[in-house]
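Generate the whole structure from the sequences, applying the supplied hints.
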Amino acid sequence: MSPALGIVAAIAPTATDTATHCPYCAFQCGVRVTEAEGALVVVGDADFPVNRGALCIKGFSAGETLDHPLRLRTPLVRSGSGDLEPATWDEALDRITAGIRASQESFGHDSVGVFGGGSLTNEKAYLLGKFARVALRTRHIDYNGRFCMSSAAGAAIRAFGVDRGLPFPVEDIADADAILLVGSNPAETMPPLMQYFQAQLAKGGSLIVADPRRTLTAKAGSMHLRLTPGTDAALANGLLHLLVKHGAIDLCFLDERTEGFDELRGVIATYWPERTEKITGVPEQQLVRAAQLLGSAQRAMVLTARGSEQQAQGVNNTLAFINLALALGKRGQAFAGFGTITGQGNGQGGREHGQKADQLPGYRSITDPAARAHVAAVWGVAPEDIPGAGVSAYELLDGMGQEGGVHALIIIGSNPVVSAPRAMHVEQRLRGLDLLIVADFFLSETAALADVVLPSAQWSEEEGTMTNLEGRVIRRRAIAEPPVGVRADDEIIHAIAERLGCGAQFEYSSKGELFDELRRATAGGVADYSGITYDKIDAQQGVFWPCPSEDHPGTPRIFAERFATPNGRARFHAVRHQAPAEEPDAEYPLYLTTGRVLTQYQSGTQTRRIERLTRISPEPHAEIHPVAAKRAAIIDGTLVRLVTRRGTATARARLTRDIREDTVFVPFHWGGVASINRLTNPALDPMSRMPEFKVCAVRLEAQSARQGVISV
Amino acid sequence: MKHLESLVVEGPVKQRLVVVGNGMVGARFVEELISRGADDRYDIVMFGDEPHGNYNRIMLSGILAGSQAVEDTFINPLDWYARNDVTLHAGVRVHAIDRDAKLVHGDGHVIEPYDVLVLATGSSPFVPPLKGLSSHGTDMKEGLFAFRTLEDCDRMISYVPKARTAAVIGGGLLGLEAARGLLERGLDVHVVHIRSHLMEMQLDSPAGLLLKATLEGMGVTVHLDKLTSEVLGEHRVEGLAFADGTTLPCDMVVVSAGIRPNVSLAFDAGLLVERGIVVTDELRCPGDPSVFAIGECAQHRGQLYGLVAPLWEQAKALADRLSGRVPDAVYTGSRVSTKLKVMGVDLAVMGDQEPASASDEVVTYSEPTRGIYKKIIVRNGRLGGAILLGDASAAPMLLQAFDRGSELPDNRAELLFQLSAAESATGVADLPSSAQICNCNGVSKGALVTAVEAGHCTLKSLCEATRAGLGCGACKSQVQQVLELAAGDSVREDPSVHFYVPGVPLSKSDLVEAVRERQLKSVSAVFAQLAGGHEDPGSKVGLSSLLRTIWGAEYDDQRDARFINDRVHANVQKDGTFTVVPRIFGGVTTAAELRRIADVAEKYAVPMVKITGGQRIDLVGVRKDELPSMWRELGMPSGHAYTKSFRTCKTCIGSEYCRYGVGDSTTLGIQIERRYQGIETPAKLKLATAGCPRNCSEATTKDVGAVAIDGGKWEIYVGGAAGGHVRKGDILVVVDSHDAVLRYMGRFMQYYREHAKYLERTYDFVPRVGIEKLRSILVDDSEGLCDALDAAIGAAVDAYVDPWQEAVDPVHPSQFADLLEPVGVVSGPASTWERPE
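In order, the protein sequence lines correspond to chains L and R. According to our numbering, the first sequence is numbered sequentially starting from 1. According to our numbering, the second sequence is numbered sequentially starting from 1001.
Some hints could be false.
[Unchecked claim] Quick list of simulated restraints, FRET-style, between CB atoms:
(1) L:567 with R:1303: 44 to 54 Å
(2) R:1327 with L:504: 51 to 61 Å
(3) L:567 with R:1134: 55 to 65 Å
(4) L:702 with R:1417: 19 to 29 Å
(5) L:204 with R:1453: 30 to 40 Å
(6) R:1480 with L:204: 16 to 26 Å
(7) R:1363 with L:702: 50 to 60 Å
(8) L:561 with R:1301: 51 to 61 Å
(9) R:1113 with L:567: 50 to 60 Å
[Unchecked claim] Pairs of lysine to aspartate or glutamate residues, derived as DMTMM-like cross-links and limited to a Cα-Cα distance of at most 20 Å, are as follows:
(10) L:630 with R:1484
(11) R:1316 with L:583
(12) L:630 with R:1039
(13) L:630 with R:1414
(14) R:1014 with R:1039
(15) L:219 with R:1484
(16) R:1521 with R:1484
[Said to hold, decoys possible] Coverage of chain L stretches by chain R, computed from C-beta distances (three or more under 8 Å per stretch; other residues unrestricted):
(17) 271-284
(18) 300-309
(19) 586-599
(20) 624-637
Because the hints were derived from the structure by calculation, they are not lab data. For glycine and all other residues, C-beta sits at the position ideal for the given N, C-alpha and C.
In structure tokens:
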């Protein structure tokens, strides 16, 4: 630990055991923060009903980013010599506004874009959307949640009429008789969630884990379906085929609460077990056993995550699993149903308040005249002045510096050089911008390319609300002032808006006032926050949306009575398996799939700077089956070069029989030559515009140096 | 990605696309077309011979077997066509194509013009030119069927009640599927095949012969190298005659002698037809740019395909092209591979059956007793072909390796046994002591081991001592592993090795307890309540035996849970005939009894009369339908030469006549056999009594034996064997009376009945439990079980009924086929997985 800097002095007076939330994933563990010997000590909050005191190592070490020596404490501006040099806030803001004006004068309003993040609070996500539409008047705003939740969102809206990750509280998991968990590895990515699965197993429930890898989660479950990457819809349809054949579907539920099953029936007839086995690589006996466990369960649950969603068929895959869950029946009741496990800290709230190219606050469509009128009234602008829908995240990045694309971009809370697909291409496009502005707390790989870098406040330095994976709105507390020279994102937005001549619309006397405006903007929308107050959040340990009035308690189980479709029925979708955009061939003979490890988070901007985390995972490893390794002459522990049609990256070989012979797994938290997203495929889902992170074709090449290190 | 809209042809006039054939390929093609938005480009018209929508033909055998509901087989029900604006002429046969006028002529004056014509006419069953196919003007004689359509299935199902014996001509895949369906419906089934082994299209000779043995175990009679020449019977089927002069009486015949592509329409229209309708890589008929052909009728690069996967690839390629999505899409052929079930037996086949050259490497594995055969052909390090029969667990990997043409591992065992899919054993044992197990609290493996050594031997105490697992808890299973490792516990076993039968996840004792507690008296009740409703065929026989042990007379006997031998109370032989072994107590008979046996043997022309190793008389080569009358005429009870039960008690001449005899082994043997005849046991029990230690009756190497020793005492041996496995029995106890011998033997048998695994012979059971433990329980009554064991075996003895009584009172109309008038169909309804209430 470095000697205490200004931050510690600042936190000392208020930091006596404050309840707030961990800065990382969507589980948003309740934590208690105290100050001891000049450092923040973070422990799990046993009173918070979601994590019940549990916390993972990322949470325990979350205090270590605050007074980190590498933390940015002053704006940086690229000088004439091409270097980023310290500057005053005025110099930085002048440079920004001049650049924005120049771009918009030459290329129009839409030439400036905004790229947000799923870690931002609800208030900041809301403000960013408003800033783009009101201050910049651009249609180009999207965020990295597009790389995360968009397929699940697209499917849920089509099937249920609303997108709330889990339509029930996590505690329901413990009481499900059978759970199918698809493409999710919470034992590493969301460890405190595991207590619910462990409780479910202890009660005699069965947990079926579908994943190309035998992950820690798969090992903890009662059954593992080791499917071929990119065959999720076939797996879902094959299981449904067996349920239909054995009369294990809930016909009453189908009749009373759903529509469209008849159209699906014919598709399902084509997924007989032998065919499903051939497509998915899951042995027939396992398919039968899994179907039997699900079909005989009183309360069955299907949960998906990025594994099945981050594909060019992500929406269809998710719809197929929703079909399965609906056919099992009892949806909306306790301990049963379909859910998706959100990834980023505010992945849920981040997609509800206008950071998406096609949405306005309250999960409203930007093309819906009534929604535009409502939001325009809250914002004090004319409805016709709100721009139309922009393009999705990857398309926004791909269009940078191109005709019709943006020439200036403001990035807040995201590191696309590491997290976007086909990252080298994205990096090249970023270099082609006239103006790149990045607000972050460290000099991330993306910030290092910027013309202006703005140092921003961290999790424990500002108030705000977050919405966790259950749709529970919670409060994050300011425990300390930001260090001198650092500003909160909302202050940054206000400062830029002011210089663009619309400061009044971004001026709030308090976070409470900003939240109240957000509430008004969401009133009557799908994600209605209008009845949520800070007091109610405190009193109830969070409030589940929708909450349409102050006397409404919130909605833990949103499908208990009806689904959010116009006629109240959930919709089946007749989806078929379609092959991924790229499949192995002679030149690139293996599948590449990506994911996370326990001790790192997303692009690693925070966690790669925490010593006790990097000690455990200092560099990416490539999980390779010994058979595949032998073919490529790769020895355990050596460096391996991974090559796809889009680039190369380096990782350290880890030979294991826990992965399929035809698949290689590499975590994506690193940059530079260790950035696996240099390799991933930007083929987009036609509905959600989700890139295909989870499947592409790769070739392995042995590198000579066994002792070498990867510079990350 | 391009937007669809930009690809759609603009303009008011759509082209007319006519598809002839509404089977799995024709309809799939139209589906693919519509999914590509091509319904904006074409008005689509379809013709289908059958009067309904498109259904999944692959499921027909399930329908025939009664395990598949018809409505679940429809892929495109009739309303699908209406919903998608497809005009379907269902039940209208196309009889001509006028390529000059571009018209399709269907029956009933249906005429459709086309701009684009797609032929997906499929194929028809090939019916060889046999004598006696038709009768009195009908196409097919009554009782004669093809197996291709839903209607065929319907007709067969409604004919089954009128039939007892069915013959299937053709031992290919479809024929065997038909055989399975008919067997499930209670018929006596014969498969007649012209070749020297079954399924020669898919299997090599060893695999085919192995499959034959497996099928015969299920009760199907297989006739190989048999050329059928005539269907016998005046008005309806009465039998088959073969080229070798033999005949087979039967009252139902299914012809499944292959399929022929339906090409006559194309031929008459002047299109190029060889074996099939010739198409190019564009799937176009050469010489006519507006006509295409796909499916079983199409011949591409000289190849005809019969499996769904390649045909759907054709449908996809043509849809890509005709929709404009991929205007230059071509079909370049498919690698043929499939996974299926033949009568419930797993089978995966791909590529070649035999090596193509000397450089091909052939790897085989064969395990005939379990019906397993695996063969792979490695060509240039890649898979040239494979057959997996009986155990297709390696199929997923092999099929993908074949389809992708990927390189194979050097260790071929990886391919055959799927080592790589085994639950990974790499665990904490392989980790160095410094490895961090709990990341939250930074606890290493070494620290955990130290704590275990310090006495923290429960998970809770270990976690509390080290703080491991108290953060996120994700590492708890690893902490548990370190605990087990350090505490010296053995590696955790797969719990299923303790299951009594594979399909019910309970150990024998738990199963017995659950069966008693829930009063489960039938095999299906056990499956319903203890196995989630899933009926595992491999578990039925074992369960049936156990339930009989538990419930005795109260057991609800479900005959389909029995092996063929136990259904007809006779031992099936290699050629499908049976044996009759009457009970001869203790091997002691009389002249009158011998005379009766001789009379019966003569009357029924029994080909062989054999004295068995167990001192019985075996009438070998008996037809199934003759069994009951022979039993009746013998007037002797069943000798149980066929089942998992007490078989016989062999005796020596004993003290009554023998100079050396010290005990009356013949009387004792008769007493034992009278008391315990037919008692069901986990595996067969062979007994003997010997009148002196010279052991002429080999009592020391029997499952249970009694040997007389000086002083009027008897040694009781258990766990002996002299078969494939030789083991001298262990002395359980020495007693001094016949009554005591009977009592201890019964007690041992009951304990064995209750505690042995299914099919576990005493020579495995006794060493497994240990003779000391057996003595302590059965002799010293250390667990206080003896009274209950004695009572239970007594009840089983009381419940015994001679199964040959079924000659008079059969349990099933077609149990012995020809003897009795059938009264109804036994059909297996689709099983359901009950939800617990």
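To see whether the hints hold, each was checked on the structure:
Between residue 567 of chain L and residue 1303 of chain R the Cβ separation comes to about 51 Å, which falls inside the hinted range of 44 to 54 Å. A hinted range of 51 to 61 Å holds for the C-beta pair residue 1327 of chain R and residue 504 of chain L, which are about 57 Å apart. The hinted range of 55 to 65 Å is satisfied by residue 567 of chain L and residue 1134 of chain R, whose Cβ atoms lie roughly 57 Å apart. At about 28 Å, the CB distance of residue 702 of chain L to residue 1417 of chain R agrees with the hint of 19 to 29 Å.
A hinted range of 30 to 40 Å holds for the C-beta pair residue 204 of chain L and residue 1453 of chain R, which are about 34 Å apart. The beta-carbon spacing between residue 1480 of chain R and residue 204 of chain L, approximately 18 Å, falls within the hinted interval of 16 to 26 Å. About 28 Å separates the C-beta atoms of residue 1363 of chain R and residue 702 of chain L, a value inconsistent with the hinted range of 50 to 60 Å. Checked against the hint of 51 to 61 Å, the C-beta distance between residue 561 of chain L and residue 1301 of chain R comes to roughly 60 Å, which is consistent with it.
The hinted window of 50 to 60 Å between residue 1113 of chain R and residue 567 of chain L is violated, with their beta carbons roughly 42 Å apart. Between residue 630 of chain L and residue 1484 of chain R the CA atoms are separated by roughly 32 Å; this puts the pair beyond 20 Å, and the hint is violated. Taken as a hint, the residue 1316 of chain R and residue 583 of chain L pair is honoured in the structure, with Cα atoms around 17 Å apart against an allowance of 20 Å. A distance of roughly 50 Å separates the Cα atoms of residue 630 of chain L and residue 1039 of chain R; the hinted pair therefore is violated under the 20 Å criterion.
Only pairs whose Cα atoms come within 20 Å are accepted, and residue 630 of chain L paired with residue 1414 of chain R is accepted, the gap being roughly 13 Å. For a cut-off of 20 Å, the pair hint linking residue 1014 of chain R to residue 1039 of chain R stands: about 9 Å separates their Cα positions. For the given pair, residue 219 of chain L sits about 17 Å from residue 1484 of chain R by alpha-carbon distance, which is consistent with the 20 Å threshold. Straight-line distance between C-alpha atoms of residue 1521 of chain R and residue 1484 of chain R comes to about 40 Å, which puts the hinted pair past the 20 Å bound.
Requiring three or more residues with a Cβ within less than 8 Å of a Cβ of chain R, the coverage given for the segment 271-284 of chain L holds, as 10 such residues are present. Here the segment 300-309 of chain L counts 0 residues with a CB under 8 Å from a CB of chain R, which misses the bar of 3, and the coverage is violated. Counting residues of the segment 586-599 of chain L whose C-beta lies closer than 8 Å to any C-beta of chain R gives 4; at least three are required, and the coverage claim holds. A stretch counts as covered by a chain when three or more of its residues have a beta carbon under 8 Å from one of that chain; for the segment 624-637 of chain L and chain R the count is 5, and the coverage holds.
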